[in-house]
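Q: Produce the entire structure from the sequences given, and follow the hints as far as they go.
Listed below, chain by chain, are the residues.
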Amino acid sequence: MANETERLLLVGDNPFHGISHLSQERARARNEQISFTEFAANLVVSSIEHGANGFMFSVSETTLATLQTVQKRLGNKPLALYAIVPYAYEYVRLATQLGPVGLAKKLGQKIVLTGNLQAIFNGLKGVIRMDPEALMKTYLFYELSRIKSSAGKHMNIASVMLHEVVTDMLLALNADWLIKSFIDFLSERKMKPGFETRNFVYLVSKFKEWDIDFSKIVIAAPFNKVGFQMVPSKEECEKALAEVPESTTIAFSILAAGYLELQEASDYVQTLSNLKGVAVGVSKEHHARETFAILEKRLNGSKAS
Amino acid sequence: MDSLRVAVVGLGKMGLLHASILKMIPNVEVVALCDKSSLLLKFVKKVFRGSQTVKDVEELSDFDIDCAYVTTPIPAHYPVISSLHSNKVTSNLFVEKTLADSWDKARELTELAETCGGINMVGYMKRFAVTFQQAKNLLNQEIIGAVSSFDACAYSSDFADIKKGSKRSGSRGGVLSDLSSHVIDLALFFFGDFEVSSAKVESMGEGGCEDAAHFTVKKLGLGGQFDVSWCMDNYRMPHFGLEIRGAKGTISVDDDKVELMLDGESKKWYRHDLDDSVNFMLGIPEFYREDKHFVNSVLSGKITDLPFLTASKVDYIIDQVQKKAM
Numbered sequence: 001m002a003n004e005t006e007r008l009l010l011v012g013d014n015p016f017h018g019i020s021h022l023s024q025e026r027a028r029a030r031n032e033q034i035s036f037t038e039f040a041a042n043l044v045v046s047s048i049e050h051g052a053n054g055f056m057f058s059v060s061e062t063t064l065a066t067l068q069t070v071q072k073r074l075g076n077k078p079l080a081l082y083a084i085v086p087y088a089y090e091y092v093r094l095a096t097q098l099g100p101v102g103l104a105k106k107l108g109q110k111i112v113l114t115g116n117l118q119a120i121f122n123g124l125k126g127v128i129r130m131d132p133e134a135l136m137k138t139y140l141f142y143e144l145s146r147i148k149s150s151a152g153k154h155m156n157i158a159s160v161m162l163h164e165v166v167t168d169m170l171l172a173l174n175a176d177w178l179i180k181s182f183i184d185f186l187s188e189r190k191m192k193p194g195f196e197t198r199n200f201v202y203l204v205s206k207f208k209e210w211d212i213d214f215s216k217i218v219i220a221a222p223f224n225k226v227g228f229q230m231v232p233s234k235e236e237c238e239k240a241l242a243e244v245p246e247s248t249t250i251a252f253s254i255l256a257a258g259y260l261e262l263q264e265a266s267d268y269v270q271t272l273s274n275l276k277g278v279a280v281g282v283s284k285e286h287h288a289r290e291t292f293a294i295l296e297k298r299l300n301g302s303k304a305s
Numbered sequence: 001m002d003s004l005r006v007a008v009v010g011l012g013k014m015g016l017l018h019a020s021i022l023k024m025i026p027n028v029e030v031v032a033l034c035d036k037s038s039l040l041l042k043f044v045k046k047v048f049r050g051s052q053t054v055k056d057v058e059e060l061s062d063f064d065i066d067c068a069y070v071t072t073p074i075p076a077h078y079p080v081i082s083s084l085h086s087n088k089v090t091s092n093l094f095v096e097k098t099l100a101d102s103w104d105k106a107r108e109l110t111e112l113a114e115t116c117g118g119i120n121m122v123g124y125m126k127r128f129a130v131t132f133q134q135a136k137n138l139l140n141q142e143i144i145g146a147v148s149s150f151d152a153c154a155y156s157s158d159f160a161d162i163k164k165g166s167k168r169s170g171s172r173g174g175v176l177s178d179l180s181s182h183v184i185d186l187a188l189f190f191f192g193d194f195e196v197s198s199a200k201v202e203s204m205g206e207g208g209c210e211d212a213a214h215f216t217v218k219k220l221g222l223g224g225q226f227d228v229s230w231c232m233d234n235y236r237m238p239h240f241g242l243e244i245r246g247a248k249g250t251i252s253v254d255d256d257k258v259e260l261m262l263d264g265e266s267k268k269w270y271r272h273d274l275d276d277s278v279n280f281m282l283g284i285p286e287f288y289r290e291d292k293h294f295v296n297s298v299l300s301g302k303i304t305d306l307p308f309l310t311a312s313k314v315d316y317i318i319d320q321v322q323k324k325a326m
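Protein chains in written order, with our numbering: chain S, 1 to 305; chain W, 1 to 326.
If you are wondering where the hints come from, they were derived from the structure by calculation, not from laboratory data.
Where hints are given, some of them may not hold.
Unchecked claim - Label-pair ranges, simulated between beta-carbon atoms:
| id | chain 1 | residue 1 | chain 2 | residue 2 | range |
| --- | --- | --- | --- | --- | --- |
| 1 | S | Lys297 | W | Ser300 | 50 to 56 Å |
| 2 | W | Asp256 | S | Lys239 | 24 to 30 Å |
| 3 | S | Leu272 | W | Ser61 | 51 to 57 Å |
Predicted model, so just to flag it, every value in this text is computed and none were measured.
Built from N, CA and C at the ideal position, the CB exists for glycine as well.
A: In structure tokens:
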């Protein structure tokens, strides 16, 4: 795990979701799923062996299965987890097919099946009153129980982060009360609340207005040399970052979706002292080795090459 | 007009997305949200503080609305738009694609819009992607000479795992109106009107749902073919692309890049090289851009780039594909 002065080097799961791994026949599908989980776990383990000190992932069946395999491989070696909820792709797909109410019913059924009485009680209260806070807490109970059951005791859930679509929608809605409720829920459970966003500048300005303590949260946002997806501009994102040294800000898209070479990408990250870490996805074993060896060397000053 | 009072009708994922983006556009107030589901309205009222909620479109006439977003499922577009007009709620309308669930209804809505006036637009947001805009600029400059042919595709893995006999994909209406309408609109944007020559539509599940289609089109001196499917492997994110062949070269374009091949040399532009910035990003930049375009058009009283008349041509092509495939 990273110490206070080390930058967080997180292996991300995005490439895992872009790989087709289902076939028509059930038995074959199961075999392919197993081999995919093994493959993804290999990438995570290899990244960790070469310098990564954490895993950032969207909570899905695929990543939870990967997590279980990683845990078996790592044994008692500690690993920091940065879990993003909800897994937007799957929920958007279901919402499109079932509608928002149908999606809520399906999720409700899953929560009941977990047998988590606290979650069920909160969920019932939430449904009766259509109370967003109670519904959010129920959902978080459900996701936390899934993560905990897949992560071993040596894995530390460093942060549970809201997916960018949810964070950015709550920002647009000026929903400080819901964001504060999310922060309180996780802080009470000794986990750092996190926010993935594509609107870093706006988030910083709203969180300041709402008196949110930046030292107690994690923020993940795009930062890269070419300003790709840095909203509204690279310069303004850098300026906002300079204003929040106490925040655990983690950069993603440092390679600008493959547009930049790792060397130039890490050179840029080095210029931003308030960045506490980076999250980078890898899709091949040699990428995992090279990427984290270079990041470890350039961002944390290791002599390893 | 200095500011806009907006209503959003239909609170599925697109309705919630547009309502959220609209709250970030200066001089716009989301005053009313409308949906048939009481449960959903109860929830939304607590999250969208400051906006009123109503169950029926007719109730919106009490709110002095300047413009409305129609983001219901496609079959409801026709009755909702008709009702917005007949109840004199507003004639300034943004409608998610496609305009209607049939060419006949799309034509009627276009005529109704012409009679009632107002500013209108259909949400073919791919036109607001910087790569497709760059391709259009290159075509306007006639860099590749006269265009002779093109291949267009639209793929997703949304139903890649659909089983024989399943009716699951039917919930989305069909791949023609859902996925392929975007790439049909892009082809109309690039080449102007064309006619369908031949078409084949496939159903992977049961109930005759359109899951994949292949069709050819033509106009004077130009032929094109479309391949669309939402049952493809490896397309977790939908993919839209066109390859355009001209007398002097080719242009390949998709969501991420544009490639120009001229005299054996290639020049590429990625999103990163084009001005892809927006003031607020929810989902992808195109959503903010299309909403800003519509809002600006209403505020200034200027016709949009995608009025009902232009967008209804997509409904016409879909109708032709369905008829030719019979």
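Q: Taking the hints in turn, state whether each one holds.
A: We went through each hint and held it up to the structure:
As the Cβ distance of S/Lys297 to W/Ser300 is approximately 55 Å, the hint placing it in 50 to 56 Å holds. With their beta carbons about 28 Å apart, W/Asp256 and S/Lys239 fall inside the hinted range of 24 to 30 Å. Distance hint check: the CB atoms of S/Leu272 and W/Ser61 are about 53 Å apart, consistent with the given range 51 to 57 Å.
In this structure, every one of the numbered hints holds.
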